[in-house]
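Asker: One letter stands for each residue in the lines below.
There are 2 protein chains.
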Amino acid sequence: QGTRDHPPAQAALRERLLSAVVSCFKRHGAAAIDTPVLELRETLMGKYGEDTKLIYELQDQGGELLALRYDLTVPFARYLAMNKVTNMKRYHVAKVYRRDNPATTRGRYREFYQCDFDIAGQFDPMIPDAECLKIVHEILSDLQLGDFVIKVNDRRILNGVFAVCGVPESKFVPACSTVDKLDKMPWEEVRSEMVGEKGLSPEAADRIGDYVQLHGGLDLIERLLQDPKLSQNKLAKEGLGDMKLLFEYLTLFGITGKISFDLSLARGLDYYTGVIFEAVLLQQEKEHVEEPVSVGSVAGGGRYDGLVGMFDPKGRKVPCVGVSIGIERIFSILEQRLEASGEKLRTTETQVLVATPQKHLLAARLKLISELWDAGIKAEMLYKKDPKLLKQLRYCEDTGIPLAAIVGEQELADGVVKLRDVATREEVRM
Amino acid sequence: QGTRDHPPAQAALRERLLSAVVSCFKRHGAAAIDTPVLELRETLMGKYGEDTKLIYELQDQGGELLALRYDLTVPFARYLAMNKVTNMKRYHVAKVYRRDNPATTRGRYREFYQCDFDIAGQFDPMIPDAECLKIVHEILSDLQLGDFVIKVNDRRILNGVFAVCGVPESKFVPACSTVDKLDKMPWEEVRSEMVGEKGLSPEAADRIGDYVQLHGGLDLIERLLQDPKLSQNKLAKEGLGDMKLLFEYLTLFGITGKISFDLSLARGLDYYTGVIFEAVLLQQEKEHVEEPVSVGSVAGGGRYDGLVGMFDPKGRKVPCVGVSIGIERIFSILEQRLEASGEKLRTTETQVLVATPQKHLLAARLKLISELWDAGIKAEMLYKKDPKLLKQLRYCEDTGIPLAAIVGEQELADGVVKLRDVATREEVRM
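Heads up: the protein sequence lines correspond to chains X and Y, in order. Those letters in the first sequence? Residues 16 to 445, by my numbering. Those letters in the second sequence? Residues 16 to 445, by my numbering.
Everything labelled a hint here was simulated from the structure, so no lab data went into it. Errors might be hidden in some of the hints.
The list makes no distinction among identical chains, and a pair is therefore deemed to hold if it is satisfied within one copy or across any two copies.
[Stated by the list, open to error] Think about it this way: if two alpha-carbon atoms lie no more than 30 Å apart in a straight line, the pair counts; the simulated DSSO-like pairs of lysine-lysine are: (1) K68 with K399; (2) K382 with K244; (3) K374 with K332; (4) K68 with K329; (5) K332 with K99; (6) K400 with K41; (7) K41 with K359.
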């Protein structure tokens, strides 16, 4: 349940999609690493907030207690700490596992690919953070998925907001995970969850509401930097200052048109400590567009400066920022689009079919195809002793093989091969 | 335990190795599929003989009872049956899981990659089987791993041998798994296991010994076809006839020099029904070579005509033959060789580092690198506001970046970039 086989047509589309993402990561100088699908259970505990219950555990069959990885970020942090790496730019494309309620039509599965790019190391503020946003922008533009917006916020700003609204520090995390639901439910419901389930005072909730419904650009950052309450809060001031710097760099990258500083963005995971972001596709209405509707997140990430330290015996921190591309949702979109277009994706790369027009020529086919393979040419033949020529040519048409190399009795006698262009039916002897 | 992280240098070597294997599979017209790492437990049970105990099971957290896949063959057969596919040539490169005693120095892990190529469908005898052997030959030659031999046998011949030696049919499977140990222990030990643990009569064991110590080529096949006892056994006769045909095709492929018909080859898995094979590397002794010593199996496979039927509600069979490349052992060899050579593999593909020679030029770097990325050029910069030029050039040397694009105050004023060849120190303004 919640997993799927990929038949050849899907596997080919996925390969195309993954290779577009990976070439962007390589364009930005990232190296690949690989980590096991299995992690020690204790490595994964206490990293995913309310979602820890979604971790798949392995049966205790003796030996270590294991679980399947939930994402690629925690294994990356564990890798850095274990190997005492303090400086690295890596990508990782691999499957992760969540015992979630699958919603397969929207591309939500229990086993799915993640494509992660992360920068670890002590650097000047916001330079790697800006590059992560540039990467999201490049990938979503390359894939031509339609209009999108990248929402940006900062955990320090959110925590500052909670502080100046009178939320006690012990309730920052629950308040944050409630704010996170603003993209799925209206403010009124979020407010009642804050007051009801999370035990915030109605006044605090109302004050939070005034802030988290704001979104904008550099102007909003400037306004909040002047905000009499927020500007007095150390965390918020730091966050807003960095946000301003980030926008400066994004302006140099020429991508601020797709960036929205959005105070409702919270992100569910515990480990974020600074900038957070999430890219959503905007639905293109065929009629008059009132307000573009979000069709869901296709990329997300942020800064997590404390995670590596949790795996180091001496607690040594390695600041990190990274992005994860939501490849499954993108895959669903591309798949639907391909289906609608009626285009048929080739699932093999075969260049030539070796064929014979008469019986008793299997040996000639085997000799020729062996020569072609040894010369690095992608070649197939039918696995029948005496297939009909028509059947062999139809196989080319069905699978998109452009050429047929035909050896008949005459060709054998003359020491030639007849090369046929399957589409045009042109033939040359060579 | 028994798993490992792959740091960038290993990941790069692995990518190179996998891409050599995959291009061979594509050269033979195979399409990719992907299946989940998780399978239902019941799917995996009863397929792996004594090794069933090595399957990793997931904890029962409600819902289906799951396990991690043990190989890629059983999931492929399950895929064919579930989707009613009766004809397919596919490859699959993915990780599999075995709770084995790891021997990591010899490339044996609990999580490891398999690279499988299989041909499913009802075809004329031995044509797809011969192609599988051709593939092993191509890959091992391409990778230049040194001398190798591909041992070939047939389960029908083995079962015929057991029958004519007086082994009751109920003991074919245990007898077979004991013969399989002949590559690791001498005949005397195998014989005593047959008689002691498996309960064969000493006479039967001795008769088996006379057969399973034979190996050769077409001459041996001909001799056994004349063998007064074996030639009376239907199974053995079928197997030997097909083996003769196989050698005919392999002669046309020009690869019989590396093929040995070896009656001691048994292969551990339950599901094989016909041809079986295994490739081993031969150790190159520096001194006078008495007899080349095997350093272990690097590829194996065979025909399994009954497996798909086990997953079909009506038991409909789909004949299959396939090969699995033992990528981990090959990886260990290549890794040791790379280490010995002192060659350093680049872990990134960055073409140019964007650098500045003076302070306060971060904006110029960000603008230029953004242009390069947008033009599809692989570019990096240091994440410091004001890095020293020497440090930037050293980064190029350390990571193998061939070019530096330098923008200083003069270049900015002139509207040019200074492109420097890191190795030769030549510079051009452009």
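Asker: Give a verdict on every hint.
Answerer: Quick rundown of the hints versus the structure:
1. In this assembly of identical chains, K68 and K399 lie within 30 Å of each other by CA distance neither inside one copy nor across copies; the values are 54 Å within and 40 Å between.
2. When the C-alpha separation of K382 and K244 is checked against a cutoff of 30 Å, the pair qualifies neither within a copy, at 83 Å, nor between copies, at 36 Å.
3. Taking the shortest Cα distances, K374 and K332 sit within 30 Å of each other only across copies (28 Å), while inside one copy they are farther apart (73 Å).
4. Proximity of K68 and K329 under a CA criterion of 30 Å is satisfied intra-copy only: 28 Å inside one chain copy versus 40 Å between copies.
5. In the homo-oligomer, the alpha carbons of K332 and K99 lie at most 30 Å apart inside one protomer (10 Å), although the nearest pairing across protomers, at 53 Å, exceeds that limit.
6. Proximity of K400 to K41 under the C-alpha cut-off of 30 Å is restricted to the inter-copy arrangement: shortest distance 23 Å between copies versus 47 Å within a copy.
7. Proximity of K41 to K359 under the C-alpha cut-off of 30 Å is found in both arrangements, the shortest distances being 29 Å within a copy and 19 Å between copies.
Hint compliance for this structure: hints 1 and 2 are not met, and every other hint is.
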